[in-house]
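Protein chains in written order, with the working numbering: chain L, 1 to 175; chain R, 1001 to 1179.
Hint data in this document are derived by calculation from the structure and do not stem from the laboratory.
Since the model is a prediction, treat every value here as computed from it, not as a measurement.
Think of the CB as a built atom: it goes at the ideal place given N, C-alpha and C, for glycine as much as any other residue.
Hints are not guaranteed to be accurate.
[Said to hold, decoys possible] Computed, partial: chain L to chain R, Cβ under 10 Å:
id : residue
1  : Asp99
2  : Met125
3  : Leu127
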Amino acid sequence: MTVANTKKPTLPEHLVNSITEAIATTFESTCGDGLTHKRAETEDELHGEKLSDGVVGIISLVGDLNWLIMTGFPKKTAEALALKFVGFEITFESDDMGDAIGEFANIMAGDACARLEMQDVKVDMSLPAVARGSQIELLQQYKLPSALVRFESPVGAFWAKIVAAFEMPGRKSLS
Amino acid sequence: MEHENGSALPNSLIDSVVVAASATVGSISGTEPVYNGTREDSDLSGIVGVVSLIGQGIWQISVGFPKETAVAIAMKFAGFEIAYESDDMGDVVGELANIIAGDVAARLETSGVKTDLSIPAVARGDDIKIMQPNSMCSVYMLFRSSEGEFYIKISTTREPRKREEAGKGSNGQVIRGTW
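Start from the sequences, fold in the hints, and give me the full structure.
Structure (structure tokens):
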């Protein structure tokens, strides 16, 4: 009798590191130095409770891999990032907040694509979306494998969740 | 079917979304939803699935359900009750967004526009709004089904996006939001 191997695939560390560095570089180029990050094992460790008021940048990479990158900013961090990014105050409730966080996601993903391409992983990036609301949760379809990263900065904390789909016909095996 | 959307989104794409939504929700519900036209984007207390289409064109499709509609449609989809607060609700809404986007992608492919689908992202909460940068334009489409109202929003870039402008390698490939 054989026992099926039910171990969930994990995301390749070197590629997760590329995404993490892209997020960190983009954030630091906007908000200055002092950013730290560490991997989280659970959603609770990642961001604690639901974002009582927050925004989440959503962008995807499709090609040699199919990954979803979500970056979550509590209100205070979002407002601080937006202020540094555009040079003037943007309130959390304004549509300009979507513009600022969306462009952040865009720049970050562009950096990530370039880093992946240097490792011979070719991807295209999607258009960014920004989810804003209260008591906001990001749900993951079918518990796909993911990597969770928590960031701490002088202007506030934020987090990233990188989700991977491995069952893609014709895709390179990167695990 | 004519739409005065005044955006970079061709009517033929909007028509495909209407047909995809009608077919998908209709097959689940037993009754085709009614398309109630476009309107201004607004907040939603409920759950939204977001899928991107990336390839010879680049678009984003958001499918949003108010809480009551989500519960009713999930029950029809799964055949049993699914609690709104459960993780399973994320699976259902993600799958619905995936099916609708996949239908649109298939229709695009018959016209020679090949795209790949992203993994769905699903957001649940109060007063949720899915926003895009000002460099993008969107059409917000309202539907009414026998399970309740839902919306589909299609977004694309106002101008063609070049890879080098996004910080990628400079192969000069232009990704257009036109079809």
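Against the structure, the hints come out as follows:
no., hint, result
1, Asp99, "holds (5 Å)"
2, Met125, "holds (6 Å)"
3, Leu127, "holds (5 Å)"
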